[in-house]
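Mind docking chain B on chain A? Use the hints.
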Amino acid sequence: MSFLVHLIYLSPIVAGVVILLGLPPRRTGVIATVIALVSATLVFVGYDRAISGYQFRSFLPLVTDWDLKFSVGVDGLSATMLLLTSIVALASVWLAPKVEEGENRYYACILFIAAGAAGAFASLDLFFFYAFHELALIPTFLMIGIWGSGNRQSAAWKITIYLSIGSIVLLVGLIGLYLLPSPDQRTFDIVKLQELAATGAFSGPGSRSVYLLLLLGFGTLVSLFPFHTWAPQAYASAPVPVTMLHAGVLKKFGLYGLLRVALPMMPDAARHWAWLLLILLAGNILYVGLATIAQKQLDLTLAYSSVMHMGYIFLGIASYNVIGLNGAALLMFAHGLSIAALFALSGELRKQTGTLNYLDLGGLATNMPTLSFVFGMATFASIGLPGFANFASELLVFFGAFKNSTPGAGFNEFQIVGTIALWGVVISSVYMLRAYRAIFMGERQARWQMVKDMPLSLGWTIILLIAALLIVGLVPRTVLDAVEPGIRLFVK
Amino acid sequence: MTFPPIFFELFVLALGILILLLETFAEKQDRKIFAVIGIVGLAVVFLFLQASGPGTSGMVSYVVDPPAIFFKKLSVLTTIVVLIMSIDYADTIKRFLPAESPQSGLGEFFALPVLTCAGMMWMSSAIDFILIFVSLELVTISFYVLVAYMRRNAASLEAGVKYLILSALATGFTVYGITWIYGVTRQTNLIQINQVLPSIPVDNQPGALFGALLVLIGLGFKIAAAPFQFWVPDVYQGAPTPITAFLSVGSKSVGFIVLLRVVQAFQSLPAVGDKLITAVILLAAATLLYGNLAALPQTNFKRLLAYSSIGHAGYLLMAVAGISAKDSGQAVVVYLAAYLLMTLLSFLVLVIVSTHGGGDEIAQFNGLSKRSPFLAFALLVAMMSLAGVPLTAGFLGKFMVFKVAFETQQFLLLALGIVTVGCGFYFYLKVVRAMYWQPAAANLAAIPVSRLSLTAIVIMVLLIFVLGIFPQVALGLLPT
Chain A
70 MSFLVHLIYL SPIVAGVVIL LGLPPRRTGV IATVIALVSA TLVFVGYDRA
120 ISGYQFRSFL PLVTDWDLKF SVGVDGLSAT MLLLTSIVAL ASVWLAPKVE
170 EGENRYYACI LFIAAGAAGA FASLDLFFFY AFHELALIPT FLMIGIWGSG
220 NRQSAAWKIT IYLSIGSIVL LVGLIGLYLL PSPDQRTFDI VKLQELAATG
270 AFSGPGSRSV YLLLLLGFGT LVSLFPFHTW APQAYASAPV PVTMLHAGVL
320 KKFGLYGLLR VALPMMPDAA RHWAWLLLIL LAGNILYVGL ATIAQKQLDL
370 TLAYSSVMHM GYIFLGIASY NVIGLNGAAL LMFAHGLSIA ALFALSGELR
420 KQTGTLNYLD LGGLATNMPT LSFVFGMATF ASIGLPGFAN FASELLVFFG
470 AFKNSTPGAG FNEFQIVGTI ALWGVVISSV YMLRAYRAIF MGERQARWQM
520 VKDMPLSLGW TIILLIAALL IVGLVPRTVL DAVEPGIRLF VK
Chain B
1048 MTFPPIFFEL FVLALGILIL LLETFAEKQD RKIFAVIGIV GLAVVFLFLQ
1098 ASGPGTSGMV SYVVDPPAIF FKKLSVLTTI VVLIMSIDYA DTIKRFLPAE
1148 SPQSGLGEFF ALPVLTCAGM MWMSSAIDFI LIFVSLELVT ISFYVLVAYM
1198 RRNAASLEAG VKYLILSALA TGFTVYGITW IYGVTRQTNL IQINQVLPSI
1248 PVDNQPGALF GALLVLIGLG FKIAAAPFQF WVPDVYQGAP TPITAFLSVG
1298 SKSVGFIVLL RVVQAFQSLP AVGDKLITAV ILLAAATLLY GNLAALPQTN
1348 FKRLLAYSSI GHAGYLLMAV AGISAKDSGQ AVVVYLAAYL LMTLLSFLVL
1398 VIVSTHGGGD EIAQFNGLSK RSPFLAFALL VAMMSLAGVP LTAGFLGKFM
1448 VFKVAFETQQ FLLLALGIVT VGCGFYFYLK VVRAMYWQPA AANLAAIPVS
1498 RLSLTAIVIM VLLIFVLGIF PQVALGLLPT
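Respectively, the protein sequence lines represent chains A and B. For the first sequence, our numbering assigns the number 561 to the last residue and increments by one with no breaks. For the second sequence, our numbering assigns the number 1527 to the last residue and increments by one with no breaks.
Under 7 angstroms between C-beta atoms, here's a sample of chain B residues computed to sit facing chain A:
no.: 1; residue: 1436
no.: 2; residue: 1449
no.: 3; residue: 1453
no.: 4; residue: 1454
no.: 5; residue: 1468
no.: 6; residue: 1469
no.: 7; residue: 1472
no.: 8; residue: 1473
no.: 9; residue: 1483
no.: 10; residue: 1519
Hints in this document: simulated from the structure, not taken from any laboratory. Note that the structure is a prediction, hence the values are computed from the model and not measured. Glycine residues also receive a C-beta, built at the ideal position from the N, C-alpha and C atoms.
Here chain A stands alone, though its shape is the one from the complex (with noise of 0.2 angstroms):
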């Protein structure tokens, strides 16, 4: 079964190669995306929860010196994140826009950022793990430079530059990974890795060393406060599909790394520099949150916050026991649903009206019920109310950074930085409804009468996205028994 695994990230990229050399861009996208989601939701179903550990393994052995294989295979948390990945591909697929020139381009650039990020997720070799997430980066490049709006071309030198950076850091933490235990133990093999971890392979003295390069690196590319100014500006000028991907899913690819990487192997040096990532996730959630609560663009506003949201995915990180990292994981899935899904009407709301300044609109739900209904769920989605998935994840974020007390020993760094992130919440509440009642409540401008409500073709889109939402919101355990077994092998 594992040739589905392997359909997963093939199959965008190939139908990427074919829509260059020449077949329909529109009809092999979607083609190619819906295989790839029928693939991730059949390894998702079929993932064995009662055995757990790696399943539907293949691999292909390149090097043998440096024990380099081509090898992919799924845990519950790779599983579920290629779920994420074909789900959104799809719905960005979807929602590409007749393109008057270079169409083919366009298309093929959607489908190799998405299949970087399915071929990152389900590598389980460290050369190919690093190789495929690079991949999207000139696609991207390319994306927001030709079809961007906006700033685009700082946009895009700007993204490029931070990640390229950030991932050259990265590259040099991994390679100092691969080097840290004796010579003959060397392997590129993230399983093996894992099981030289538990003999202590990677305690020794250097090991605090490559965590801080891997934490930076992975950071950079999940826009960790400092490093985070690239995603504003980007995610604000880049196509909506390319949003859409790369907030919801690419972003995940350096918190995916410190579960599948980071953690699992240095578990020592995770704990010693936990003081530093919760002083960066609080400026995620405070410094960015406030910063986006004075945006006056509703692009720049879900940018923002899809910034800071990421500070509750470090915290899970941080605190570093199983319920802290299982609401991490939730929130990875659930947020990447729900940003996409805010993206996508974000789009369809400056399709209509040409701008997207909160100073400009208003009363747009008169025209548009429909829209501004579904813009409500997602809404609510994002600042985590219950029924949604965000809702169950942040909570466990949260159960999980106050766990890590010492009776009687009063607060600790990590129930001061809970509570910060606590306020979070309302920071996030605060812009996103400001958001909401600027743009479909009060006064309608004359010039926005012949706005018409969203088309169908987005309705399914966003039916798509919420219904995973809710599913996982009321049903959690869908998720997170098919993640905490993974968890669970590196956590006591």
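Quick look at chain B alone, frame taken from chain A:
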């Protein structure tokens, strides 16, 4: 069928002389046929090289170890691609030659690279300072002629004079260094030097170090390492483009095999060897920084590639500095193989585009994705590889260099490497931006690509991906 290895060089030499002779007797022929003869002849040599393995040469100053075989193949391949470029570039050459007859002068232009190739192949096997020096001069003197080949072009002449003077100076450093080393060790053979060094009197150690540093300076000129790089931008910009490619790939690569052998020879005496490594580290740091920072503001593509070639010398020096690691030599080889592909690919596209647009400015590439999607894609792949995007050959090279540097704890170089890779993304993507973002210039005519160039481009693009996706192919280049 096996030949004594030295026959390869002799055959290439004969091929070059044959082309020169034929040219004299074939007045009416289209001269491009000589380039084709050269390409076919070199292709045959390449196939024989591919079939022959490392062995013993029976000579003390000439070895046929795996690196020698690899660098011979690299020289032959480079020369083949340079000849392909020269065919496309022939019309530009003709414009800048005194026109006694429509084709005068072209024959030599095709014959000299073949002779240079023989010199580079020799250098790959040389392990005696005398032989190293002679082959180095064979290469350099051919380049004097080639760089200044477009006699009526002031830039080309300026490049020729600069190259002549500075190369001569570098040669002086090398020879002076060799005499010091000889004075201390009584040997010119690198293997002998390696054996004798530990037993030299302590008082003579500074002399050995001085000699080694002088040789390092001389080689620094050849490989364009800062602070001995200042001839590079002007010479690269002024020389005929195929020759620029030849300089930046061929001349640099064989410089590195000599450097590796020399540095290796001095490792037997840590008191000298360690200081030599420190010098290489400093050289690498300066080269990385200078090459990549100075490339940032460039607007001329040829100059950009000149600075980028300095930058890449920095990464290669990183690998040389890690010579104590097992993979050091392999890192140099893999990096050079990748460098050959991506740099020659860039120059080939540049030659084709500039002969149909009339300039080497990056702005000349504006809108290339619409004029010629194929060329734009090929150059995109080359730029991705030069910048070091994974799944391309360039990434594998960087990966190995960083791995060697980490293994030997060169943390200063690693930190600089992180910064310079970031710079690289900026200036290589500037070319991508021109091709894909910028609106096309007025001239929108499609660019014709000859069948030979088309084949070469397709092969190089495929090889860049093959080396990037299947690392074992690249690692197989230098069997250990």
